[in-house]
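Modelling step: build the complete structure from the supplied sequences, incorporating the hints.
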Amino acid sequence: MTAPLHDTSAAEPAAVAAPETPQKAIEGRSPWKIAWSRLKRDKVALAGGVIVLLLILVALFAPLIVKAFGHPPEELHEDLLDPLLGLPAGDWGGMNGDFLLGIEPVNGRDVFSRIVYGARISLLVAFLSAFVAVSLGTVFGIIAGYFGGWVDAAISRVMDLLLAFPQLLFIIALISVIPSKLWGFEGSGLRIAVLVLVIGFFGWPYIGRIVRGQTLSLREREYVEAARSLGAGRTYILFRELLPNLVAPITVYTTLMIPTNVLTEAALSFLGVGVKPPTPSWGETLSTAVRTYEDDPLFMIFPGVAIFITVLAFNLFGDGVRDALDPKGSR
Amino acid sequence: MTTHRTSKRRLAAGTAVVLAAMLTATACGGSDTKKDEGKAGASGFNAGIGKVSNASDKKGGELKFVATQEADSWDPQRGYYGFMWDFARYYTRQLVSFKPAPGGESTELVPDLAAGKAEISDGGKTYKYTLKDNVSWEDGSPVTAQDIKYGIERTWAQDVISGGPVYLMQVLDPKTEYKGPYKDESADKLGLKAIETPDAKTIIFKLPQPNGDFEQMLAMPAASPVKQDKDTAAKYGLKPFSNGPYKIDSYEPNKSMKLSRNDKWKPESDTIRKALPDSISVTFMANADDMDKRLMNGEFDLDLNATGIGQAARATALKDHKANLDNGQTGFIRYAVFPQTVAPFDNIECRKAVIYAADHKSLQTARGGPQAGGDIAPNMLPLGIKGSDGKYDPYEVLKNDGKPNVEKAKEALKACGKPEGFKTTIAVRNNKPVEVATAVSLQNALKQVGIDAQVDQFDGAQTSGIIGSPKVVKEKGYGIIIMGWGADFPTGQGFSQPLVDGRFILQSGNNNFSELNDPAINGLFDQAIAETDPAKAGDIYKQMNQKVSEAAVYLPFVYDKTITWRSTRLTNAYTSDAYNGRYDYASLGVLK
Chain G
-9 MTAPLHDTSA AEPAAVAAPE TPQKAIEGRS PWKIAWSRLK RDKVALAGGV
41 IVLLLILVAL FAPLIVKAFG HPPEELHEDL LDPLLGLPAG DWGGMNGDFL
91 LGIEPVNGRD VFSRIVYGAR ISLLVAFLSA FVAVSLGTVF GIIAGYFGGW
141 VDAAISRVMD LLLAFPQLLF IIALISVIPS KLWGFEGSGL RIAVLVLVIG
191 FFGWPYIGRI VRGQTLSLRE REYVEAARSL GAGRTYILFR ELLPNLVAPI
241 TVYTTLMIPT NVLTEAALSF LGVGVKPPTP SWGETLSTAV RTYEDDPLFM
291 IFPGVAIFIT VLAFNLFGDG VRDALDPKGS R
Chain Z
289 MTTHRTSKRR LAAGTAVVLA AMLTATACGG SDTKKDEGKA GASGFNAGIG
339 KVSNASDKKG GELKFVATQE ADSWDPQRGY YGFMWDFARY YTRQLVSFKP
389 APGGESTELV PDLAAGKAEI SDGGKTYKYT LKDNVSWEDG SPVTAQDIKY
439 GIERTWAQDV ISGGPVYLMQ VLDPKTEYKG PYKDESADKL GLKAIETPDA
489 KTIIFKLPQP NGDFEQMLAM PAASPVKQDK DTAAKYGLKP FSNGPYKIDS
539 YEPNKSMKLS RNDKWKPESD TIRKALPDSI SVTFMANADD MDKRLMNGEF
589 DLDLNATGIG QAARATALKD HKANLDNGQT GFIRYAVFPQ TVAPFDNIEC
639 RKAVIYAADH KSLQTARGGP QAGGDIAPNM LPLGIKGSDG KYDPYEVLKN
689 DGKPNVEKAK EALKACGKPE GFKTTIAVRN NKPVEVATAV SLQNALKQVG
739 IDAQVDQFDG AQTSGIIGSP KVVKEKGYGI IIMGWGADFP TGQGFSQPLV
789 DGRFILQSGN NNFSELNDPA INGLFDQAIA ETDPAKAGDI YKQMNQKVSE
839 AAVYLPFVYD KTITWRSTRL TNAYTSDAYN GRYDYASLGV LK
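Chain order of the listed sequences is G and Z.
At position 100 of the first sequence (counting the first as 1) the number is 90 in the numbering used here, and the numbers step up by one without a gap.
At position 539 of the second sequence (counting the first as 1) the number is 827 in the numbering used here, and the numbers step up by one without a gap.
Rather than coming from a laboratory, the hints here were simulated on the basis of the structure.
None of the hints are false.
In silico lysine to any residue, SDA-like type, Cα no more than 20 angstroms apart, as pairs:
(1) Lys764/Z with Val167/G
(2) Lys346/Z with Lys562/Z
(3) Lys764/Z with Pro169/G
(4) Lys764/Z with Gly174/G
(5) Lys720/Z with Leu261/G
(6) Lys562/Z with Val340/Z
(7) Lys762/Z with Pro169/G
(8) Lys581/Z with Val280/G
(9) Lys171/G with Ala631/Z
(10) Lys764/Z with Ile165/G
(11) Lys674/Z with Gly500/Z
(12) Lys698/Z with Gln736/Z
(13) Lys720/Z with Ala163/G
(14) Lys762/Z with Glu176/G
(15) Lys711/Z with Ser178/G
(16) Lys610/Z with Pro73/G
(17) Lys494/Z with Val454/Z
(18) Lys735/Z with Asp69/G
(19) Lys387/Z with Pro399/Z
(20) Lys711/Z with Gly179/G
(21) Lys735/Z with Gly177/G
(22) Lys33/G with Leu315/G
(23) Lys835/Z with Ile793/Z
(24) Lys735/Z with Glu64/G
(25) Lys711/Z with Gly174/G
(26) Lys691/Z with Glu64/G
(27) Lys607/Z with Gln659/Z
(28) Lys762/Z with Ile168/G
(29) Lys735/Z with Pro53/G
(30) Lys720/Z with Val280/G
(31) Lys702/Z with Ala631/Z
Rendered as structure tokens:
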């Protein structure tokens, strides 16, 4: 995107001036405080943030929420189905005061409870795999950027290789060959562990590239030079001098990676290689709903909307965080 | 800059809202594409079950099949799919075939190429047939006994034309001494000793051991004649040479097939095939839901595969087109089976605990309810088979109205030494959503008595290498396997022997998943097979079935049923037990 000239000139002075020389400031403001004040002004990002917070709360307190408003997510209610068709007997997918979002065709499980519990799987996989990707990406990116030479060449080629790898196909193949018990995990726990590791493993090159690029420019800065000439060790420079200056881009890419991971998890569950039944997951619910969408469209809409809201909220929030931390960035 | 970005994001949010609205609209829009004029002449719900729907002798028109599954092969010796056996009667005949009659009567065998029934002598070891005079190939040459022998011999050539049933090979040449016609040293390639063809009209089968179901095997397409100079070996399935009322005009695998009348076929030589339509077409397509819709739109007459209307279209079909539907038995049983090699299922009490704990009603609902799923099955012999008894209810499933018997399940668990329950794994094919639904139902019911079952979905395309391998089953700890089974031919031998006879346990492609190997049961099979009177054999199969139930290795779910579509223009439609509840294709006709 090419930014319009007058627009840039309007934003530039304020942005550059603020962090380095707070001329008019009575008290010192740290870059984080400035970012926060910018974020507070961005209403859309804030709304996204509030929804993200709510989703996290829903996931954390799923058992309490379901206890108050629903039925256990694995409990069957076949008596509420039309016996001949296996579809919810009532209108609107069986929605009523007892079953807030209706019941599932074929086995009559409470859709509300399954959506609420599904948030747990989605967010758990999304956060943990983002954590794996960020950890790997930061460590390898910073090493590649700082040391350069053959280390950089090797790490960069590995990143290229991984970026070219068909991630979805790889996971599908992997899921069908892993044994039912591994590393002390079994059932859905094992599937979650595999999903987290694989999504994380294939995600780190994206963040690795950013970190490497930033490190390349930072390592030539005077303060790094100064630290080096004062005799600071490599580890010290890497993690005490460089890393704090990388926190902003890492934070931004983490918040934008989470919604991608939510989508990947949903896609994999949709394809039947996510968590095992009867563990609820949005993607799995969607794939079940495909079979009855003509007769019970609501059953398909609810998990779709859940995925949609989650991804949208994270994206809006992530965009806002990026604007706040890096107002010059044009991407 | 900031304003710019905000507007872009708002645009994104706006697009998303529109998208969501569109999604909702399409999802709802789907449900009102129904109500067509199709009702005019449909002959009513279940009009093709046990009776003939729209009986007529009117000739002409094009009979239009549609299918989502291609046959494994249209070569008579290689095809093993049930619908292929049914369809193959259009272009190939056998010595004997199934009577063209609705329901159970169809399992009776009547002469086809043969002039009369077999002369059986030598204690059931010799079968002699004489051929009709006016049976001919599509080039006008007569069908000879040698053609039949050559066709049957092709089954032996499993290295060239793999697939297809091998019953005739097992019965006529149990040690497989013959190497097949392609490796045959004799000049006429008719080296198989068990079949004699003294002249062009006479064929004699000499069995090493009597087998009461031998004629059932002769009724399979695998016993069809093949003309030696027209045999293209592995390519024969692309254009089989016809001796039936229709010949194949064009065939493109996975796309379409067209058949037209074979004018060398003489109607007076054939009492089985009505041959009403002038032409027959098969269209293959990928999407089953799309197929159901187009059937309902009247673009096709029936589903060749006859797997039943899918869940997506079922409600619409039942509400608006009920008169076009038949809800018949398929002869399949859907069940769970317990491999005895996987602890704790080596203990009969633990197996009983699962049978008692299962919620049969819920399993039935998961299968699709009493119509699309079928009736709750109390034992493991389907109703169409001689010796079956739908009232034999050893685990009081019907008596309890399908509800779980938690008390008895807990007692059984105590007797098994696991009063607190145990852990196990349910294996289920990942490409059968209905089977996965039954696995979830079983898992839920078992939890109520403390049995913690994991559901493991394996690749359905790899069935014979995964659950078909006793070694893999044991390694993976599959204590419960969910499967379905239908008979190759409608007798106790055809249905049960591969499932429960210990001598049928294979290292790969196994179907006796429980690895039941009870000398008493094996002995009953030997007795029943040697029996040439079907009624007496039926009595023995009844005892066999009871012994299998007592061993508690099977948990039957339902006697499988489907809801099949019969177009309004279809005449002479009736479901046939001999063809697993499919329509008898050879009798169908169409109104123009």
